[in-house]
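With the sequences and hints as input, model every part of the structure.
Chain residues, written in single-letter form:
Protein chains: 2
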Amino acid sequence: MTQETLTLIDLVTDRDLDGMNDWLADHGALDIAEELTRLDPTEQAMVFRLLAKDRALAVFEALDPVNQQQLIDALADESVNDLFRHLDADDRARLLDEMPAMVARRLLASLPTDARENTNLLLGYPEDSVGRTMSPRYVSVRAGQTAADALTKIRRAGLRPREVLVVPVTDDQRGLVGVVDLPDLVTAEKGTRVGDLTRPETYAARVDEDQEVAARLIGEADLVALPVVDTEDRLVGVLTVDDAMEIIEEEETEDIQRAGGVEPLGVPYLQAGGLHLARKRATWLLVLILAAVATVNVLEFFEDTLEAVVALALFIPLLIDTGGNSGSQAATVVIRAMAVGEVQFRDLPRILHRELRVGVLLGLMLGAVGFPIVWFFYGVEFAIVISSTLLVICTWASFAGGLLPLLAKRLGIDPAVVSAPIITTLVDATGLIIYFLIARAVLGI
Amino acid sequence: MTQETLTLIDLVTDRDLDGMNDWLADHGALDIAEELTRLDPTEQAMVFRLLAKDRALAVFEALDPVNQQQLIDALADESVNDLFRHLDADDRARLLDEMPAMVARRLLASLPTDARENTNLLLGYPEDSVGRTMSPRYVSVRAGQTAADALTKIRRAGLRPREVLVVPVTDDQRGLVGVVDLPDLVTAEKGTRVGDLTRPETYAARVDEDQEVAARLIGEADLVALPVVDTEDRLVGVLTVDDAMEIIEEEETEDIQRAGGVEPLGVPYLQAGGLHLARKRATWLLVLILAAVATVNVLEFFEDTLEAVVALALFIPLLIDTGGNSGSQAATVVIRAMAVGEVQFRDLPRILHRELRVGVLLGLMLGAVGFPIVWFFYGVEFAIVISSTLLVICTWASFAGGLLPLLAKRLGIDPAVVSAPIITTLVDATGLIIYFLIARAVLGI
Numbered sequence: 001m002t003q004e005t006l007t008l009i010d011l012v013t014d015r016d017l018d019g020m021n022d023w024l025a026d027h028g029a030l031d032i033a034e035e036l037t038r039l040d041p042t043e044q045a046m047v048f049r050l051l052a053k054d055r056a057l058a059v060f061e062a063l064d065p066v067n068q069q070q071l072i073d074a075l076a077d078e079s080v081n082d083l084f085r086h087l088d089a090d091d092r093a094r095l096l097d098e099m100p101a102m103v104a105r106r107l108l109a110s111l112p113t114d115a116r117e118n119t120n121l122l123l124g125y126p127e128d129s130v131g132r133t134m135s136p137r138y139v140s141v142r143a144g145q146t147a148a149d150a151l152t153k154i155r156r157a158g159l160r161p162r163e164v165l166v167v168p169v170t171d172d173q174r175g176l177v178g179v180v181d182l183p184d185l186v187t188a189e190k191g192t193r194v195g196d197l198t199r200p201e202t203y204a205a206r207v208d209e210d211q212e213v214a215a216r217l218i219g220e221a222d223l224v225a226l227p228v229v230d231t232e233d234r235l236v237g238v239l240t241v242d243d244a245m246e247i248i249e250e251e252e253t254e255d256i257q258r259a260g261g262v263e264p265l266g267v268p269y270l271q272a273g274g275l276h277l278a279r280k281r282a283t284w285l286l287v288l289i290l291a292a293v294a295t296v297n298v299l300e301f302f303e304d305t306l307e308a309v310v311a312l313a314l315f316i317p318l319l320i321d322t323g324g325n326s327g328s329q330a331a332t333v334v335i336r337a338m339a340v341g342e343v344q345f346r347d348l349p350r351i352l353h354r355e356l357r358v359g360v361l362l363g364l365m366l367g368a369v370g371f372p373i374v375w376f377f378y379g380v381e382f383a384i385v386i387s388s389t390l391l392v393i394c395t396w397a398s399f400a401g402g403l404l405p406l407l408a409k410r411l412g413i414d415p416a417v418v419s420a421p422i423i424t425t426l427v428d429a430t431g432l433i434i435y436f437l438i439a440r441a442v443l444g445i
Numbered sequence: 446m447t448q449e450t451l452t453l454i455d456l457v458t459d460r461d462l463d464g465m466n467d468w469l470a471d472h473g474a475l476d477i478a479e480e481l482t483r484l485d486p487t488e489q490a491m492v493f494r495l496l497a498k499d500r501a502l503a504v505f506e507a508l509d510p511v512n513q514q515q516l517i518d519a520l521a522d523e524s525v526n527d528l529f530r531h532l533d534a535d536d537r538a539r540l541l542d543e544m545p546a547m548v549a550r551r552l553l554a555s556l557p558t559d560a561r562e563n564t565n566l567l568l569g570y571p572e573d574s575v576g577r578t579m580s581p582r583y584v585s586v587r588a589g590q591t592a593a594d595a596l597t598k599i600r601r602a603g604l605r606p607r608e609v610l611v612v613p614v615t616d617d618q619r620g621l622v623g624v625v626d627l628p629d630l631v632t633a634e635k636g637t638r639v640g641d642l643t644r645p646e647t648y649a650a651r652v653d654e655d656q657e658v659a660a661r662l663i664g665e666a667d668l669v670a671l672p673v674v675d676t677e678d679r680l681v682g683v684l685t686v687d688d689a690m691e692i693i694e695e696e697e698t699e700d701i702q703r704a705g706g707v708e709p710l711g712v713p714y715l716q717a718g719g720l721h722l723a724r725k726r727a728t729w730l731l732v733l734i735l736a737a738v739a740t741v742n743v744l745e746f747f748e749d750t751l752e753a754v755v756a757l758a759l760f761i762p763l764l765i766d767t768g769g770n771s772g773s774q775a776a777t778v779v780i781r782a783m784a785v786g787e788v789q790f791r792d793l794p795r796i797l798h799r800e801l802r803v804g805v806l807l808g809l810m811l812g813a814v815g816f817p818i819v820w821f822f823y824g825v826e827f828a829i830v831i832s833s834t835l836l837v838i839c840t841w842a843s844f845a846g847g848l849l850p851l852l853a854k855r856l857g858i859d860p861a862v863v864s865a866p867i868i869t870t871l872v873d874a875t876g877l878i879i880y881f882l883i884a885r886a887v888l889g890i
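If you're matching them up, the sequences are chains A and B in order.
If you count the first sequence from 1, position 307 lands on 307 in the numbering used here, and the numbers rise without skipping.
Quick note: to get the numbering used here, add 445 to the position in the second sequence (first position is 1).
A couple of the hints might just be wrong.
[Unchecked claim] Derived pair list, reagent style DMTMM-like, types lysine to aspartate or glutamate, alpha-carbon separation capped at 20 Å: (1) K153/A <-> E787/B; (2) K635/B <-> E249/A; (3) K190/A <-> E787/B; (4) K409/A <-> D128/A; (5) K153/A <-> E189/A; (6) K153/A <-> D629/B; (7) K190/A <-> D629/B; (8) K280/A <-> E787/B; (9) K635/B <-> D149/A; (10) K190/A <-> D533/B; (11) K598/B <-> E189/A.
Hints listed in this document are in silico derivations from the structure and should not be mistaken for laboratory results.
Spelled out as structure tokens, the structure:
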């Protein structure tokens, strides 16, 4: 058996130290981080100790906050403090946020004063705000400086490369004037004024703004860093594109999980225990099954009709599935359009008009396809009932699917919550009423 | 009525040129681009002509490819060619890709030769590959050069700021050796060798690799640019973080729409006409309703049982909804974990084991909650039927929801396709069989 066919898990199971060292030497920080998450915490700590200091930091930074915390728990104190001191302030803040208070205090106490101040500064802002994720490590220059002076200042600041790709320009009161791209400073004649090199458009985020809004702005405006200002437009930090990408991935995961009727897991799937997974799904399953009791009530109300024509029951799943699918489709496209900022509440009339049209078109199509088939097997009256029910349900479901997410947003509820499962359950009960009313009228029961 | 309360749409409707000019002066490129998409193409062209050349380019770049194409169609030839020449090569390639062939050829012909070559180079790579999105505009340096010489070369290259934030280091044969961060070149002593400043880890993408994989790598490794190499490891271009964010947003939109049973729209929601929207949903609705015919067949098979105890019909929607919800939950978390690279096919046994456990837990919970309620209203036998059906359906649905996305991926099908609506429909038919078999056994029909 050659080395390449062995995974890290195999080597750890065999306690093959040489093999592990070879494996670690052959793999990059990202691969190592990924494989680490497949091990249990004590094994993670063992492998982690085999890494050189520089690589250990790279691997640690590549882990999710949850995995970072697990790893820290597993490592002994001194090595943890050492690792912690070398992290970026914003990574540190995020980590502290998810750590039990006692551990957090102990780690914070072990930091040098200036690093501690940065972390504390970040921790003062509300959860999910830009203030939490921004980096307070930046260097700012003045509009009146020359490019050469600005470069000297940047050199002396001793920051990491990604912290100086974009440099904020401020006035005497730390007020944000604009930003200048480092390449423009480098390429300019030495005597050029910084003010003449600033970007034509200045984007900035308020420190208490929602971090997702700021992260999406970075994407839309093709930025690598966004200055963050306080209520008086004074510079307090910088949100970098790597943090923006992480924010967007986290928020999308939450939205997608909510849309699937799952409370955000908060941890990677394989890290979530069975009980944790069950808890995150139980609430919505319970809410939805209680809502589905309405369908039992509706059917009870029409029980006489059902007893008279039992064959009506045969089409119940098909009709409510179709209504649910149609409503989910509408909700899905509208919720996504809201998430990426394509539509707002004021577009409501246009969306409803459009969804009504689409619903009618789809309903007509399904009705036309179903009519001859149902006619052939169950007679013309049944065909009329099923086809017209499909038309009305599709129209109503599309309308509801377009309306509810926007209404939810207006009422301050996450639109992703009002999604497929909710709309399906709503459309089911109302769809059954539509079905039986039409059936009674057409069949004359 | 003051100026601020008027939207661009109002001003355009009133053909108020002064008002439009004021509005444009008051708003940034992103806001303008967003409002433009709410106008019809001829109105877009009118507003667009009011913009100064520099701002026009910024606004144009902020538009989606689809909107860009619409706008181009609406503008007269000379102004289009002018706009086109100022775009980045990769934006140009994406635009050409979505344009009717004749228009594309005409525009390509109007470009200066070197720009045309860049675009052609990009167009040669398969769709959705890194080659399509990368920028062929880069400057590379040698490991043996001094930092000062490297900076001089970068200055002379005359590229845009975002194209030189990270500089690839190559050997004599254009082979990729590593990358160096511009800030490191700037901060280093003038005589330092470039080779001593390169990053410890080198990430690169193959030119034919899936663009989403490369984009996610940029996010995971916190990069601002990723070198792209050919099969012989020679540098051919660079994928920048702004393009990576756009790729991820597009791919997530596609995944989310597929998960909601909608073929990817390919255009922003408000830009999609009613017929287009209906077409993108019709296929799946038809597929799903045809699949749902299985539920009619199952019920027909059990029609005698239904006629004997009509009350069994009352619980059909509740039971199949719960099965569908449970299956959707499992599929949602597994599909998302696959999308962000947390799980792979080899994790299948762990996932199935976990989903079975979660399904049993949730089924037990729902069964326990439902038992006393159903007992009270419908007697103990019904309570046993409903509770045990909930247990079996939840377990089966969670198992199927965890299994199908991974199987799909294995078979080369996008896992997002095997999502909520598909699993709901599958679980419905099988869930009904489970329900009636249990009912027959318990009620002795």
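Comparing the hints with the structure gives:
1. K153/A <-> E787/B: violated, 42 Å
2. K635/B <-> E249/A: Answer violated: K635/B to E249/A is near 40 Å, above 20 Å.
3. K190/A <-> E787/B: With a Cα-Cα distance of about 48 Å, the restraint between K190/A and E787/B is violated, given a limit of 20 Å.
4. K409/A <-> D128/A: holds, 18 Å
5. K153/A <-> E189/A: holds, 17 Å
6. K153/A <-> D629/B: OK: K153/A and D629/B at ~14 Å, within 20 Å.
7. K190/A <-> D629/B: holds, 19 Å
8. K280/A <-> E787/B: Holds. K280/A to E787/B sits at ~18 Å (cutoff 20 Å).
9. K635/B <-> D149/A: Holds - the C-alpha atoms of D149/A and K635/B are around 16 Å apart, at most 20 Å.
10. K190/A <-> D533/B: Answer violated: K190/A to D533/B is near 28 Å, above 20 Å.
11. K598/B <-> E189/A: holds, 15 Å
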